[in-house]
Structures are given as C-alpha cells and as structure tokens.
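2 protein chains.
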Amino acid sequence: MVAGEKQLIERIRRVAGASRDVVAGIGDDCAVLRVNPGRQLLVTTDFTIENVHFRRDWHSADWVGRRCLTRGLSDIAAMGGEPLAAFLSLAIGPDLPPKWVDRFLKGLLHLAAEFRVPLAGGDTAQSPAGLQADIVVLGTVPRGKAILRSGARPGEYIYVTGSLGGSAALLNQLKQSRRSRVAHSRQFEPQPRLGTGQWLSNHAAASAMIDVSDGLSTDLDHICHESHVGATIEAASIPRARIARLPVPLEFALHGGDDYELLFTSPRVLPAKIAGVPLSRIGRITKSRGMRLIGPDGVSRSLKPGGWQHFRRK
Amino acid sequence: MVAGEKQLIERIRRVAGASRDVVAGIGDDCAVLRVNPGRQLLVTTDFTIENVHFRRDWHSADWVGRRCLTRGLSDIAAMGGEPLAAFLSLAIGPDLPPKWVDRFLKGLLHLAAEFRVPLAGGDTAQSPAGLQADIVVLGTVPRGKAILRSGARPGEYIYVTGSLGGSAALLNQLKQSRRSRVAHSRQFEPQPRLGTGQWLSNHAAASAMIDVSDGLSTDLDHICHESHVGATIEAASIPRARIARLPVPLEFALHGGDDYELLFTSPRVLPAKIAGVPLSRIGRITKSRGMRLIGPDGVSRSLKPGGWQHFRRK
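Those protein sequence lines, which keep their order, are chains H and G. Sequential numbering of the first sequence, starting at 1, is according to this note's numbering. Sequential numbering of the second sequence, starting at 315, is according to this note's numbering.
Misleading hints may appear alongside valid ones.
What the hints assert, rightly or not - Chain G regions said to be covered by chain H (calculated; three or more residues, Cβ under 8 Å):
(1) 334 to 341
(2) 348 to 355
(3) 358 to 370
(4) 427 to 433
(5) 457 to 471
(6) 601 to 609
Keep in mind that the hints were calculated from the coordinates and are not lab data. Each residue gets a CB set at the ideal place from its N, CA and C atoms; glycine is no exception.
In isolation and in its complexed conformation, chain H is listed as follows (with noise of 0.2 Å):
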C-alpha cells in the first residue's frame, strides 16, 4: 500500500460493479467467485506496458485502458467461452496525471459494463515510472467444449471475423505524419468478439479457434503448431480494414496486430454474419506443414510468420 493506493483501490471498488457469481470482490485477501456446476474455468493474463504496448503521446488513455480488457476478453471469446470476472493489478509512476489514470480506467469499464463483466480485484503498486497493467480475465465454458488451437483437420475451411490491418495501418499513418495523437474513430475500437466466440461453441461449429492480437500470419502459424497442419490462404479474400473507404495495404492485413477478430477452422459452410459480425472464408487447413499464400496474381508463395513485435519505441 503507498500513498494514493488507498484512493485508488476505492475508486475501483465504487465503480466495479456487481454480479452473482461475485461472493466477495474486492476488500479481501482473495475474491470469492461461484463455478456453476457443468462448467469449466477459463483463465488469462495480459500486460499492457507503457512504452512497449502502447505510448502516452500517441494513444488515448480510454483507448488503452479499452484495449487492456479488450485482449483479456478477446481471449475469452477465442475459447468459446463466456467471461466470469476480471481482476485488475495496477502500477502507476510519479509521472503518471491521476486525471490520465481516471479516463484509463473509464475506458476499461466502459468496456466492463457493455460486457457486465464485473471488475472483481487486483492489486495496486507504485511503479518507477510509467503504467505497468495486468488483466486477468476469467471465463467459463461448458465442460469439454472450450475450443482449442490444437483442432484444426486437413481440409478444413479457415475463417476470420471482421476486418484485419486497421489499428496497425493508423498507427503506421501515424508514424509518417508525425502527428501528436492516434485520431481512434469508434470504427476501430477493439470489438472483442464474445457473441461470435459463443455462437461458434453452442453450435460446435469452430474445430480451432485463436484472436488476432498479434497479426493474422502469427496466429495462424499458432493454429497451425498446435495441430500439426499447414494452411493455404487466398490474399483476395482476407478481409481489409477501410480507412477513409480505401482498403490498408494487404501488409498490414497479414501482419498487423491488434485487431482482436476471431480465426477459426472449421468443416462447414458458415453463413456470411454470425452474431452481428461479418464472416470470411480465407482458406483451407492442408495435410503439409507450413503456410502459403495464394496472391493476387494466382501464384502460390510460402508465408511465414510476420513476426508482429506489438509497438515499440524505436
């Protein structure tokens, strides 16, 4: 505890909303959560650091503090699941405005409470310097029916939610243009896809599922790991972000990061929208290892993985 914390802790507590699965939240040396019977847990962690995540004088607070949960419940919603309850440890330095600490926060439970996630503890810390967050995000999922990256079969149709390339596209408008600030239109807003995640296990129609945090190429090698499988793309089908009604550059689609959409395998024809959330058909699973992509002139290339290295200050 050091000084601040105690203000901060019930600043949280008074915002952090309630739930019935929540017995005891925050106050106590752990919280108290209800696992309905029939259900297994899920769990996830992420950081969000400054200056490696993110940086103040290019990212809105709100939009980091949305994009902190985001990634937690992203996570959630990869596994099919449904989130349970989040828990929030916080390191904030001496350079850190308690006004920039408020909007990160609000951002975070804007997202919270569109969810009904209930924030349910965490921990405080002073830090040297700078914002140091990790989100812990529990879900659940019904016994034996969390969707794994490990399922993916040959033969199999790759699919992909939303739009791909959009956050790392501005970031990279950004970088040209110098200007002094992310211009985050609500078009590209972390959206994490829970409705699509639930839809996909209720139906039992996703063989393999991952987010796309660190760009589709990276995810897709994961699936690919974890079940022993290659993968066939077409680049006309991987669904572009727009900016300013002109699809970014099919770089940033491949490669980019942050865009927090839904990649699955599955041995069906889905309809093109599923809970809201447009749906692309981009490829299917093959028997040999690696990767390919078929580009816009037809020809066949090895893909490898873009190797997204989140942001970093050069």
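Chain G: place on chain H using the hints.
Chain G alone, transformed into the frame defined by chain H:
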C-alpha cells in the same frame, strides 16, 4: 511476443508441472481448469516490481521469485483455501541478465513444487527496464467456508502464527551495514501457511483471517475495519522473530512487512501448534473501535496502523 519470449515460454512450459485439475495449460488463449462441484473459487493477484518491492543489489533472485509466489499462496491460506493453479505475467527489461531470470524462476518453481501448485499460464513481455511480475493464484474452498476479514466479533481472541518482524529487521540491518546483499538464511524464507489455514477452515475455528504482509498493525486494522470492531493486543504476547538468538525490536514485529504469517480471530482457545506451526494468542477483539496496545509497562496506548510502505528506494 518479443525476441527471447519464445524461449522463456518454452522454458516455463517444460518446468511448469501438471495437475489433473488443469485440462489445458500454457499454449492456448486461455488455460482450462476443472473446479470440483461444491467448491467456490478463490482468486488473488500480486505485483512484484523492481525497486519498489525488491532491489537486485540487495535481494537474491531466488528469494525474489519465492517471495513473488508466496504472496499469492499466502492470500489463499488466509481464506482457508487450497491452491489450484498459478499464473505468472513476467515483463523483463534488457538490463536483466538471463541467469538472473533463471534463478528467479527457480525460486518461484521450487516453492510451487513444494505445494504441488501447477503453473498453468501467464504472459511474457518486454519491459523498458527491470522486472515487473504479476502472480495470479487460484484456489478453492468448500462452498460458504471462505474465511473473510469481516467476521470478527467483540470478545474473540486474536491469534498469530509463527513469529513477526524478521524480514523487516534483516532489511534494516542491511541498510545500516551497507553490505551488498541480504544474507537470507532459510529461517527467513517466506513460508505460506497453507496447512494452518486449511486446518482452521476444516475445524471452523477462525471467524476472520488475513495474512501479515503489510505488518501486524496494518493488517489487524484491515480486520477491524471490515468487521466494524476494535482490538487490544499485548506487546508481551507478540511473537518476535530472533536474529542471532536475540528477539527483534518490538517495532519491527508490530509494523514490519513480508512476514506471511496468519492473523485471525476465534471465540475458542486453540492448541499451541496447528499443522506444525506455533500459535500465539496476542489479544482480544473489542466493541469500541480503534486499536490499543498494552505495553511492557502494562499501560494501554492507542495503536495506529504502521503504514509499512514495502521497500522503496530513497
């Protein structure tokens, strides 16, 4: 994912251990866990931040790793629970030698093995400098049996396990002697009191409980605050740690942190040892609010929370 992270994740995956309750561990979007019917879930998160909670030139890497997990396990003990799984989010700066990180993990995993707690997931990230670790520990407790901070009633006895003030006294010696490293004898290795906590839960013997991580005066104040009561404790009854056969000054036992003993209340007279750990009866809960300390001179004085601020660089 940044350079070196893949190797780190693989290293953790190899040593992480298994458990029948971990259905899917490291290597997917979420870990999948089984929670037995009839039990409720406990969740705790704790930050460990370089130059806030430890200093690399003062604390050994394995001690920092052990303390990191101890904080989480001790919170589970303070609810009377059993640990289910741990999750480690680890951010590492370029200034940290890989050997140091290895020894940090070794200290943490040694304690995990001691209590058969599987490391079921987490996150890794680059940090601008130093080490930031967030440990998440999940546990379970029979439904309705979690021992909260809010159950203390006037007239009940106040107990504490083990001895207090050892960590604070050692740190003070170090500051004064300007030695380069704390000589951590095994005597002062943090010990989460899981066996004692579970005994108290199984025997419905404790009405309120907390672990002494911020110091006796601060943690007793938390019980009083949440239970809407006061407390009187006797200086002569407080079990003080011994260094070179001499008891540490009362001040360290009252206000020092990092002890990880259990502080609890009970209407019953309890044995002198529980699960192998000595027990001391140090006072009683009072109806009148506020805390009082009866000194060695028999005089009762007001006792304020000591406001232990962890370790901070001056």
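Structure-based check of all given hints:
As drawn, the segment 334 to 341 of chain G meets chain H at 3 residues by the rule of a beta-carbon pair under 8 Å; at three or more, the given contact holds. Taking a C-beta to C-beta cut-off of 8 Å, the segment 348 to 355 of chain G contributes 5 residues in contact with chain H, enough for the three needed, and the coverage statement holds. With 9 residues bearing a CB less than 8 Å from a CB of chain H, the segment 358 to 370 of chain G meets the requirement of three and the coverage assertion stands. Only when three residues or more bring their CB closer than 8 Å to a CB of chain H does the claim for the segment 427 to 433 of chain G stand; here the count is 0, and the claim is violated.
Using a Cβ-Cβ cut-off of 8 Å, 4 residues of the segment 457 to 471 of chain G lie near chain H, which meets the minimum of three, so the contact claim holds. Beta-carbon proximity to chain H at under 8 Å applies to 0 residues in the segment 601 to 609 of chain G; the threshold of 3 is not reached and the given coverage is violated.
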